[in-house]
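> Residue-level listing of the chains:
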Amino acid sequence: MDKEILEREVREIADSWKDKEGNLIMVLHQIQNRYGYVPREVSLVLSEILDVPLARIYEVITFYHFFRLTPPGKHTISVCMGTACYLKGGAELLGELEHLLCVKPGETTKDGQFHLEMVRCLGCCGLAPVLKIGEKVYGGVKKKDIGDIIAHYSEEAEAQAIA
Amino acid sequence: MIKMTKKDLDATKQKYAEADRNWIKVGFSTCGIAAGAKEVYDTLVEESRKHSADVEIKKCGCVGMCSAEPLVEVHVKNMPTVFYGKVDKEVATKIMEKHVCGKMLVNDKIYDLKLN
Amino acid sequence: MGKTVFIKDTAITGKDRTRDFYGVFLGTLREKGLENEVQLVRVADIGIYGQGMTVRVLPENFLYTNVQENDIPAIVQDSVVGGRPVEGKASAQPSKQLRIVLRNCGVIDPESIEDYIARDGYQALAKVLTEYTPEKVAQEIKNSGLRGRGGAGFPTGLKWDITRKAQGDQKYIICNGDEGDPGAYMDRSVLEGDPHSVIEGMTIGAYAIGASKGYFYIRAEYPLAIERIEKAMRQCHERGILGNGILGSSFNFDLEIRLGAGAFVCGEETALIASIEGKRGYPSPRPPFPSIKGLWGRPTCINNVETLANIPVIVMKGGAWFAGIGTETSKGTKVFAVTGKVKNSGLVEVPMGTAVEDVVYGICGGAMAGKNVKAIQTGGPSGGVIPKEFFQTKVDYESLQKMGSIMGSGGMIVMDEDDCMVDIAKFYLGFCVDESCGKCAPCRIGGTQMLKLLVKVTDGEGTQKDLDQLEQISFAMQKASLCGLGQTAPNPVLSTLHYYRAEYDAHVDKKKCPACKCAKLVRFMIMSEKCVKCGMCFKACPVGAISGNRESGYLIDQTKCIRCGQCFEVCKPRAISRG
Numbered sequence: 001m002d003k004e005i006l007e008r009e010v011r012e013i014a015d016s017w018k019d020k021e022g023n024l025i026m027v028l029h030q031i032q033n034r035y036g037y038v039p040r041e042v043s044l045v046l047s048e049i050l051d052v053p054l055a056r057i058y059e060v061i062t063f064y065h066f067f068r069l070t071p072p073g074k075h076t077i078s079v080c081m082g083t084a085c086y087l088k089g090g091a092e093l094l095g096e097l098e099h100l101l102c103v104k105p106g107e108t109t110k111d112g113q114f115h116l117e118m119v120r121c122l123g124c125c126g127l128a129p130v131l132k133i134g135e136k137v138y139g140g141v142k143k144k145d146i147g148d149i150i151a152h153y154s155e156e157a158e159a160q161a162i163a
Numbered sequence: 164m165i166k167m168t169k170k171d172l173d174a175t176k177q178k179y180a181e182a183d184r185n186w187i188k189v190g191f192s193t194c195g196i197a198a199g200a201k202e203v204y205d206t207l208v209e210e211s212r213k214h215s216a217d218v219e220i221k222k223c224g225c226v227g228m229c230s231a232e233p234l235v236e237v238h239v240k241n242m243p244t245v246f247y248g249k250v251d252k253e254v255a256t257k258i259m260e261k262h263v264c265g266k267m268l269v270n271d272k273i274y275d276l277k278l279n
Numbered sequence: 280m281g282k283t284v285f286i287k288d289t290a291i292t293g294k295d296r297t298r299d300f301y302g303v304f305l306g307t308l309r310e311k312g313l314e315n316e317v318q319l320v321r322v323a324d325i326g327i328y329g330q331g332m333t334v335r336v337l338p339e340n341f342l343y344t345n346v347q348e349n350d351i352p353a354i355v356q357d358s359v360v361g362g363r364p365v366e367g368k369a370s371a372q373p374s375k376q377l378r379i380v381l382r383n384c385g386v387i388d389p390e391s392i393e394d395y396i397a398r399d400g401y402q403a404l405a406k407v408l409t410e411y412t413p414e415k416v417a418q419e420i421k422n423s424g425l426r427g428r429g430g431a432g433f434p435t436g437l438k439w440d441i442t443r444k445a446q447g448d449q450k451y452i453i454c455n456g457d458e459g460d461p462g463a464y465m466d467r468s469v470l471e472g473d474p475h476s477v478i479e480g481m482t483i484g485a486y487a488i489g490a491s492k493g494y495f496y497i498r499a500e501y502p503l504a505i506e507r508i509e510k511a512m513r514q515c516h517e518r519g520i521l522g523n524g525i526l527g528s529s530f531n532f533d534l535e536i537r538l539g540a541g542a543f544v545c546g547e548e549t550a551l552i553a554s555i556e557g558k559r560g561y562p563s564p565r566p567p568f569p570s571i572k573g574l575w576g577r578p579t580c581i582n583n584v585e586t587l588a589n590i591p592v593i594v595m596k597g598g599a600w601f602a603g604i605g606t607e608t609s610k611g612t613k614v615f616a617v618t619g620k621v622k623n624s625g626l627v628e629v630p631m632g633t634a635v636e637d638v639v640y641g642i643c644g645g646a647m648a649g650k651n652v653k654a655i656q657t658g659g660p661s662g663g664v665i666p667k668e669f670f671q672t673k674v675d676y677e678s679l680q681k682m683g684s685i686m687g688s689g690g691m692i693v694m695d696e697d698d699c700m701v702d703i704a705k706f707y708l709g710f711c712v713d714e715s716c717g718k719c720a721p722c723r724i725g726g727t728q729m730l731k732l733l734v735k736v737t738d739g740e741g742t743q744k745d746l747d748q749l750e751q752i753s754f755a756m757q758k759a760s761l762c763g764l765g766q767t768a769p770n771p772v773l774s775t776l777h778y779y780r781a782e783y784d785a786h787v788d789k790k791k792c793p794a795c796k797c798a799k800l801v802r803f804m805i806m807s808e809k810c811v812k813c814g815m816c817f818k819a820c821p822v823g824a825i826s827g828n829r830e831s832g833y834l835i836d837q838t839k840c841i842r843c844g845q846c847f848e849v850c851k852p853r854a855i856s857r858g
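Protein chains in written order, with the working numbering: chain B, 1 to 163; chain Z, 164 to 279; chain F, 280 to 858.
Only chain B is shown next, with the shape it has when bound in the complex:
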């Protein structure tokens, strides 16, 4: 990334929060919204702008589950592991996805198409077990449905949709 453009973008985000106390987490939220993760170069620039040591920025990023240090896949698959989903088979869904995508939770597939993660609770316990791909929530998912669901998001399916 071009350092100049980057600096301008980060400054734009940081400026709107500059005068507020305890702004670091909110700034990081906006950065992750923009880039999908918190790139190291951004943290470096941010450290200068906010006059906060880089170590403190990393301390916060690594403490909170929500922040990422690596780019996410094209589609993030979040499997809910809240209690209701766990009881109704959330762990089995996760196992099936690990098997089909050949990744562990927190990893991205080699082709960069999918990022698999566990989430605490999506707040749709009535629909358990639940998984979310991008912004779309799938409720009452059965293990055997998973192959069909992710097939919609595969590279081939997307190429076909464009064609």
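Please keep in mind that the hints were generated in silico from the structure rather than gathered at the bench.
All the given hints hold, so there is nothing to weed out.
Under the rule of at most 30 Å between Cα atoms (straight-line distance), these lysine-lysine pairs were calculated in the DSBU-like manner:
(1) Z:K257 <-> B:K136
(2) F:K572 <-> F:K492
(3) F:K809 <-> B:K143
(4) Z:K249 <-> F:K375
(5) F:K839 <-> B:K143
(6) B:K110 <-> F:K839
(7) B:K18 <-> F:K510
(8) F:K406 <-> Z:K169
(9) B:K142 <-> F:K812
(10) Z:K213 <-> F:K282
(11) F:K653 <-> B:K143
(12) Z:K257 <-> F:K294
(13) F:K799 <-> B:K142
(14) Z:K222 <-> Z:K166
(15) B:K142 <-> F:K667
(16) F:K650 <-> F:K791
Predicted model, so just to flag it, every value in this text is computed and none were measured.
The hints should help you fit chains Z and F onto chain B, whose structure is shown.
For chains Z and F alone, coordinates are given in the frame of chain B:
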């Protein structure tokens, strides 16, 4: 910007008080949306236009019957106010045709009713 | 209003006979020439469970359960035509919910401030600003007996009073919307469904304690809740309900949103404060309590979403009214998120003191089809289980504590006979280990060691000594941990050990999992006498552990079997044993 006072509150309260008219409320919280509330809402709006139905369609929060989402509450004058659950496009169409226009409750889809 | 009759077969087992019954009922109506005047409707849920054919006659709302075909003429004659109950037949109405916190959820458009105002919104704020001193507001809340709904149950009025009296040039009020308990989502529902009630409750609280600034701390995982609160705040600003000179008074108050970032420990007051300050969510020792020294060292009052949503109603109807609901020590209502293996999962608001069985069976319809409820779990990772035998327990702070559980934020997870209690304990403990911030040793090390022991037990390698050790570490963690997370993390283990020791013993002594949940302790075998040699299991096995053919029959190679249970599921004649 307006500076509201107690008097303005009372005036607003009067103006927006729920008049006795026909309405439909669609549960539009995370769970409802995840279960497909948007399609249901769109269908209801489209169908009501088609039938020129005298009904107000509103988006609301969650009443709590999560396992029956998407949930639609229907109030038609002189009929019991009921909650339809697990509503899809087809049921939404029926609600508009049968319940709102035909004054007949739809079978097999009512999950609760509101008693006054 | 015209006559309407609802019918539904509520029997739990057997075929749903609603349709047959509908035909008979319709026939009776036709005989009387009433088919055009009376609407007969099959409903999907009639609010009654396990009581056979059920009929509800509206608008009078007469209810009949266990109705037989020969009862129909009397119901039609007396109730439908006559408008009176059939003598000796009408049933009592089931226990109902009482909606205070959820009064507007699903009723109003949460994005319309006018809808909220039309339902008495901001009237309570106007009332306190014109008629009450801050002291009187706190007193009113004290009178109501309202206690914090976030879990610990500290009296809200007292908290306000302490913060009001604390010395400080600047005070803060914080709304704790970091609903981290997996399986509880009532706060999300209130924030999404009725955001203004929380803002109003907060503003009243701010007036009572003398705060000019407030923060909403909301989980980043709740984007819709954040969006709706933002919108509601904007509407308030535009109308002078937030900002300077609120509702024409001299009171100034403003709000900001701060987002959580996925750390369960941030639901703890001191950790939450650290997070708002933009730091790691590390808890700090109390005292000093936040009421004295909180956000940026200033007196800070932290209230839960549900607590705040109660405030406007209490102000309008009076503390005494609120105190009339509930039990001696627990006043008002509580919202529970009833989820898991239950027929109707959802949010339920009941007066404090309602029996668990009324919630699980009466309102939520009990277990899923063909299963039996085993226990409930309340209080999430900090709570415990309550076995079915104790379902007459009342839901209030003290009764739940006496049972070894806690009220918590209001998650109520229903478990059935397929759920293994050791596995549940492991699930919750795993959660706490993941979420431990690592600051204090008892929680960091104790939790990890306990989890290791539980994994040993569920893998079939545990001993009785391990179970003793689990208890010992639990007590140490309860005593020595710095914050609530570590102090309560062993609760699910202790509570399951207490009520389900036999299940632990089975894992340890017999190397068996009675619920067949712990994969390493389960064995699948083909019972040759029942096997029809269809080969379905052979096809279903993902690892080729089943060998044989349609003539000789099939066999499972235990060394290859990964215990996925697929063969068990596809076997039609149920010829595969699990145990």
